[in-house]
Amino acid sequence: MRSKTRFPLRNLAVGAAAAVLLAGAVSAPARAAGTLRVGMTAADIPLSWGQPDQGFEGFRFMGLMLYDGLINWDMSSADKASGLIPGLAESWEVNEADKTKWTFKLRKGAKFHDGSEFDADAVLWNFDRLFDKNAPQYSARMASLVNFRIPSVVYDADTNTKGWEKIDSHTVEFTTKSPDSFFPYQICYILMSSPAQFEATGGDWNKFAQSPSGTGPWKLVQIVPRERAEFVPFEEHWDETRQPKLDKVVTIPVPDPNARTAALLSGQVDWIEAPAPDAIPRLQERGMVISSNLYPHVWSWHLSRVEGSPWNDVRVRKAANLAIDRDGIVSLLGGYAVKASGHVSPADPWYGTPSFELRHDPDAAKALLAEAGFGPDNPVKVKMMISASGSGQMLPLPMNEYMQQNLKEVGIEVEFEVMEWQSLLDRWRAGAKAEQAQGANGINVSYTTQDPYSSFTRFLRCDLHAPVGVNWGYHCDAEIDELLKNASLAFDPAERDGWLAKVHTREVDNALFLWVVHDVAPRAMTKQVKGFIQARNWFQSLTPVTME
Amino acid sequence: MLNYIIRRVLYVIPIGLGVTVLVFALVHMSPGDPLSAVVPPDAPEEMVQELRKAYGFDKPLPIQYATWLGRVLVGDLGVSVARGREVVDELRIAVPNTFILAAGGTLLGFTLGAILGGIAGFFQGRWIDKLATSIAITGVSVPHYWLGLVLVIIFSVEMNVLPSIGMGPGGSTAWEWNAEHMRHLVLPVITLSVIPMGLITRTVRATVAEILNQEFVQALHAKGLFQRQVLAHIVRNAAPTTLAVMGLQLGYLLGGSILVETVFQWPGTGSLLNSAIFERDLPLLQGTILVLAMFFVLLNLFVDILQSAIDPRMSRR
Chain U
52 MRSKTRFPLR NLAVGAAAAV LLAGAVSAPA RAAGTLRVGM TAADIPLSWG
102 QPDQGFEGFR FMGLMLYDGL INWDMSSADK ASGLIPGLAE SWEVNEADKT
152 KWTFKLRKGA KFHDGSEFDA DAVLWNFDRL FDKNAPQYSA RMASLVNFRI
202 PSVVYDADTN TKGWEKIDSH TVEFTTKSPD SFFPYQICYI LMSSPAQFEA
252 TGGDWNKFAQ SPSGTGPWKL VQIVPRERAE FVPFEEHWDE TRQPKLDKVV
302 TIPVPDPNAR TAALLSGQVD WIEAPAPDAI PRLQERGMVI SSNLYPHVWS
352 WHLSRVEGSP WNDVRVRKAA NLAIDRDGIV SLLGGYAVKA SGHVSPADPW
402 YGTPSFELRH DPDAAKALLA EAGFGPDNPV KVKMMISASG SGQMLPLPMN
452 EYMQQNLKEV GIEVEFEVME WQSLLDRWRA GAKAEQAQGA NGINVSYTTQ
502 DPYSSFTRFL RCDLHAPVGV NWGYHCDAEI DELLKNASLA FDPAERDGWL
552 AKVHTREVDN ALFLWVVHDV APRAMTKQVK GFIQARNWFQ SLTPVTME
Chain L
134 MLNYIIRRVL YVIPIGLGVT VLVFALVHMS PGDPLSAVVP PDAPEEMVQE
184 LRKAYGFDKP LPIQYATWLG RVLVGDLGVS VARGREVVDE LRIAVPNTFI
234 LAAGGTLLGF TLGAILGGIA GFFQGRWIDK LATSIAITGV SVPHYWLGLV
284 LVIIFSVEMN VLPSIGMGPG GSTAWEWNAE HMRHLVLPVI TLSVIPMGLI
334 TRTVRATVAE ILNQEFVQAL HAKGLFQRQV LAHIVRNAAP TTLAVMGLQL
384 GYLLGGSILV ETVFQWPGTG SLLNSAIFER DLPLLQGTIL VLAMFFVLLN
434 LFVDILQSAI DPRMSRR
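The listed protein sequences correspond, in order, to chains U and L.
For the first sequence, our numbering gives the first residue as 52, with consecutive numbering after it.
For the second sequence, our numbering gives the first residue as 134, with consecutive numbering after it.
Hints are computed from structural coordinates only; laboratory data are not their basis.
Check each hint, because a few of them may be wrong.
As the list claims (entries may be wrong) - In silico EDC-like links for lysine to aspartate or glutamate, alpha-carbon gap of 20 Å or less:
| hint | chain 1 | residue 1 | chain 2 | residue 2 |
| --- | --- | --- | --- | --- |
| 1 | U | Lys484 | L | Asp175 |
| 2 | U | Lys434 | U | Glu486 |
| 3 | U | Lys184 | U | Asp207 |
| 4 | U | Lys184 | L | Glu183 |
| 5 | U | Lys184 | L | Asp222 |
| 6 | U | Lys258 | L | Glu219 |
| 7 | U | Lys258 | L | Asp175 |
Extracted from the complex, chain U is given alone in its bound form (with noise of 0.2 Å):
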């Protein structure tokens, strides 16, 4: 009895005299030159095996860094949009004859990181993965990843038809189910695994995912769930200019941003992504670097087209437009964002020549919703379906507040319907005439405008709407079909990009958005980060990168 009295006192001073210790062990501990670890958005590490989950932070940040597609993002430089250029693939050409067929020859030489070779039985290998459920490598849970992404490509499980066929060792064909112009965007997605590594874990996609096998610049040489990935430079890459010039990159899920940022002060991460506004001139003060640049985003309300809702006057949805205050809201962001001008930024070749521009004007906009019938007695009531937070949204509620305030001075009355993000993207796919939206009038979901489809044919193409696409507001106009049918049909780039250009002058002179602003996807990292190029994409490439 007396022993267990004594006990925890015992312990107590023991604990004392250790926390005392440790709380003076001011040292932070050593790490090996050249690492480099980044605090990651997302709450796990993103999938390995090939076609990662986490969105594009999981491309960014797993994907790309094992994995090279076909065809790659151009992520060599800050000062202009990136394209693709050439990956796995050394070139490919639409067939004059026939344009459902596409010829991709393939580069000579790449290997797995388990060192076999990459050819053209490894791209069948990859597609049969992802659609041919016969296939041993079949995976519907990858397939769910990507497969959206690639709708042009032929495949019929009924026929066990594949728009997928060898030519050659290196040369493979693909067929498209109409001529596409888009399908190179679409390729790109679609990331090459090692069969080889597949047999050597004995054909089970989570061992593989233990030790997976791509041609990336990086191998993985170390995961545990939840908590962190190591990888290393695959020096035997391809492309010697995207050789890793750091020992290691440690990437650390930690989704909450005020963590992060803890962690960036506290020395145990070198780079977080995505800082909060709020915290940046801290981060700053403490000697942080922070990079940022603009990006294919798009921060936007998305409206309901269908019938009695008020945006389907083209009226309202100018005057809307003319009501925000982007300058404003820019500087709730502490700067770091980018006033719209359209859905995609004039800075992007398929900006194009709209006429309608985007500047608060309240007083124009009070004349438009007046001649549209609305006024003081009479405003016009919305109803949005908004979230507190999520991936992309920025600053949703103050954001949304904002606008809500600037709607109000011109006649506009917003009713908030918040959701938790994921509720959110329910009523988004399910779309604007399902039960789930309760009759909301427009969605807040910032959007990506990466490539011709996410940017322009999965909202605005009049067949794409619930359930078989995301065209939330069922917006259909002839006139904008028959132009990405263009588009779609010019396999000359420029051509291509004149005719979507023609698309979103459309788009913005019909105001079919209400567009905010475009994120500059800041970042902050320590001063010894150095040599790294913030491409104009969602996706990057750390292999410039030293620590000093």
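Please build the complex by placing chain L on the supplied structure of chain U, with the hints as guidance.
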């Protein structure tokens, strides 16, 4: 005594079955599609249906429950939908990490609670009682995630003396009981210990104060026992109540704290639950809650048996 133990152990079977029903029902009653957070929002409905079938979510709930229960009985908790990993493997990593944190929280919280409660009880009404009671009330009242954030700001961000996240340079797989890793324990352990410390202080104080007023204590003094011998009697009489509270608190601590583990990025069961909730990963959620609930059940069994050993009146009830 033996009959009591056997009876108490047998109770675990219906309780366990009830837990499986509750866990399954609660998880499936919560709104939202189990695949919506896993599948990208652009994925076509056809693909979602294929996955639903692959994971068995297309079957009626009673069949899903029976299938799950059948697997659970042979130790198979299924596969995480989002991660593709075995739930058992996820728990194998997370549970020891939570135990490390819980051990620290238990040691600190129970020790401080017992000391402060004892002092407050013995010196009831004096300034030291008021001080200890104030500390206890503060401990119970302060939201621990807020305390965690404040500690991070002070010790990690401003003073830069203690790490703010994780289990150490190599993560949980490289955990060692050395200073470099234990630095990572300091802030989460302090944060985790405040609530049990407060509760135990209040329980011990009330119990000691009550015992001190009982006639047998006066009898012991009258008998001429030394103070420390009287103290031993008081401790023995206070132990069952205190142990019951400690058992419950230990259960909470072993269950992992979602908030504390999230604030400090501690890869334990709380953090696992947090991921499972956000990803609506039903197999992971069911498996984790079930294992934690069973910990709680077994811990209560252990405490009940321990109480009956200390106080034989318990087993006669």
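How the hints compare with the structure:
1. A distance of roughly 17 Å separates the Cα atoms of U:Lys484 and L:Asp175; the hinted pair therefore holds under the 20 Å criterion.
2. At most 20 Å may separate the alpha-carbon atoms for a hinted pair to count; U:Lys434 and U:Glu486 meet this at roughly 14 Å.
3. For the hint pairing U:Lys184 with U:Asp207, the CA-to-CA distance comes to about 11 Å; that is within 20 Å, so the pair holds.
4. Between U:Lys184 and L:Glu183 the CA atoms are separated by roughly 11 Å; this keeps the pair inside 20 Å, and the hint holds.
5. The straight-line distance between the Cα atoms of U:Lys184 and L:Asp222 is roughly 28 Å, outside the 20 Å bound, and the hint therefore fails.
6. Distance hint between U:Lys258 and L:Glu219 is fulfilled; the C-alpha atoms sit about 11 Å from each other, no more than 20 Å.
7. Under the criterion of a C-alpha separation no larger than 20 Å, the hint pairing U:Lys258 with L:Asp175 is inconsistent with the structure, at around 28 Å.
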